[in-house]
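> All chains should be built: construct the whole structure from the sequences, respecting the hints.
Numbering (my numbering), first residue to last: 1 to 264.
No wet-lab data here; the hints were simulated from the structure. Where a beta carbon is used, it is the ideal one built from N, C-alpha and C, also for glycine. Please note that the accuracy of each hint is not assured.
[Said to hold, decoys possible] List of simulated lysine-lysine pairs, DSSO-like, C-alpha gap at most 30 Å:
id: 1; residue 1: LYS205; residue 2: LYS83
id: 2; residue 1: LYS44; residue 2: LYS111
id: 3; residue 1: LYS237; residue 2: LYS61
[Unchecked claim] Between beta-carbon pairs, the in silico distance windows are:
id: 4; residue 1: LYS129; residue 2: GLU23; range: 18 to 24 Å
id: 5; residue 1: THR179; residue 2: PHE65; range: 23 to 29 Å
id: 6; residue 1: ARG207; residue 2: ASN87; range: 43 to 49 Å
id: 7; residue 1: ASP20; residue 2: GLN224; range: 35 to 41 Å
id: 8; residue 1: SER31; residue 2: LYS111; range: 31 to 37 Å
id: 9; residue 1: ASP227; residue 2: GLU114; range: 44 to 50 Å
id: 10; residue 1: ASP20; residue 2: VAL46; range: 33 to 39 Å
id: 11; residue 1: LYS129; residue 2: ASP227; range: 40 to 46 Å
id: 12; residue 1: ASP156; residue 2: ASN87; range: 42 to 48 Å
id: 13; residue 1: LEU126; residue 2: ASN81; range: 39 to 45 Å
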Amino acid sequence: MLNTYSHGSVVSVDEQKWRDAQEFERAVWISGNQNNSFLRVVMKFVRALKKSPYYFFQLIKYRDFYAGDDWNFWWKDIFDNYKLLPNHFSKALEVGCGPYTNMRIISKLKKIDEIHCVDPLMDLYLSFKLNWLAVMARKGKVHTYTGKGEKLEFQDNTFDLVVCNNVLDHVEDANACLTEIHRVLQPGGYFVFGQDLSDERDLDKQREKAKGFFIGHPIKLHDQVLDRSLSGLYEEKMKKVLPREAGRNSRYHYGTYLFIGVKS
Numbered sequence: 001m002l003n004t005y006s007h008g009s010v011v012s013v014d015e016q017k018w019r020d021a022q023e024f025e026r027a028v029w030i031s032g033n034q035n036n037s038f039l040r041v042v043m044k045f046v047r048a049l050k051k052s053p054y055y056f057f058q059l060i061k062y063r064d065f066y067a068g069d070d071w072n073f074w075w076k077d078i079f080d081n082y083k084l085l086p087n088h089f090s091k092a093l094e095v096g097c098g099p100y101t102n103m104r105i106i107s108k109l110k111k112i113d114e115i116h117c118v119d120p121l122m123d124l125y126l127s128f129k130l131n132w133l134a135v136m137a138r139k140g141k142v143h144t145y146t147g148k149g150e151k152l153e154f155q156d157n158t159f160d161l162v163v164c165n166n167v168l169d170h171v172e173d174a175n176a177c178l179t180e181i182h183r184v185l186q187p188g189g190y191f192v193f194g195q196d197l198s199d200e201r202d203l204d205k206q207r208e209k210a211k212g213f214f215i216g217h218p219i220k221l222h223d224q225v226l227d228r229s230l231s232g233l234y235e236e237k238m239k240k241v242l243p244r245e246a247g248r249n250s251r252y253h254y255g256t257y258l259f260i261g262v263k264s
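Following this line, the structure appears as structure tokens:
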């Protein structure tokens with residue numbers, strides 16, 4: 001079952017489609033972390049130097065001596081180094097953190113007393129011993145949870161920062177996740193949200209040429225759908241839609257939604 005809105009958006013799927021998406025993601029991360037060794041960390045720097053001196057020096061600057069990255073520096077840049085955020089947070093949560101997390105970058109830019117990360121595949125991520133998330137969890141510096149964004153196991157008004165970058169395309173119910181994020185965020189707390197966007201033309205391309213991509217990303221969101229979901233809940237500090245050519249994957253996404261808001 002698919003629950004669709006205008007522009008071809010798919011905002012929720014049945015549990016089996018969600019489980020299929022999680023299995024797709026699991027296979028991707030296992031494949032990418034088969035050689036989770038110090039050699040992989042070294043090769044991360046070698047590849048960065050070949051690809052872009054800027055990226056290489058970002059790794060040095062942020063002392064990112066860990067295996068793996070999933071566009072986390074790209075999100076940092078596109079959010080202008082998260083300059084709109086305050087310099088200090090008491091409790092921060094990343095929803096759908098993935099194996100590499102955006103918190104590993106944000107925590108270098110802002111002082112965060114407590115970091116919490118939740119993801120349905122957390123048990124897998126903690127097995128990647130040289131990733132920042134696993135290292136920080138072993139040191140007791142990050143609290144980790146295996147769970148879904150649709151049902152966050154936290155009390156109301158718990159966090160003063162919640163981050164959710166490019167997660168909703170993997171979930172079972174996008175609106176339920178946004179509702180839960182708003183619930184656990186304190187009044188006056190900050191919500192950082194980024195999301196690849198899809199319209200009907202993108203969906204046709206994905207179905208035709210990227211079956212695996214469609215399975216792994218069952219939720220398809222248009223910016224107008226997200227506008228309606230967020231309307232009236234936050235004081236907007238940033239809201240923009242990057243055009244196709246400025247996004248991470250212009251072939252399959254017409255734009256990228258960027259949002260920073262303060263809970264009303």
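> What are the numbers of the hints the structure violates, in ascending order?
Numbers 1, 5, 7, 9, 12, 13, in rising order.
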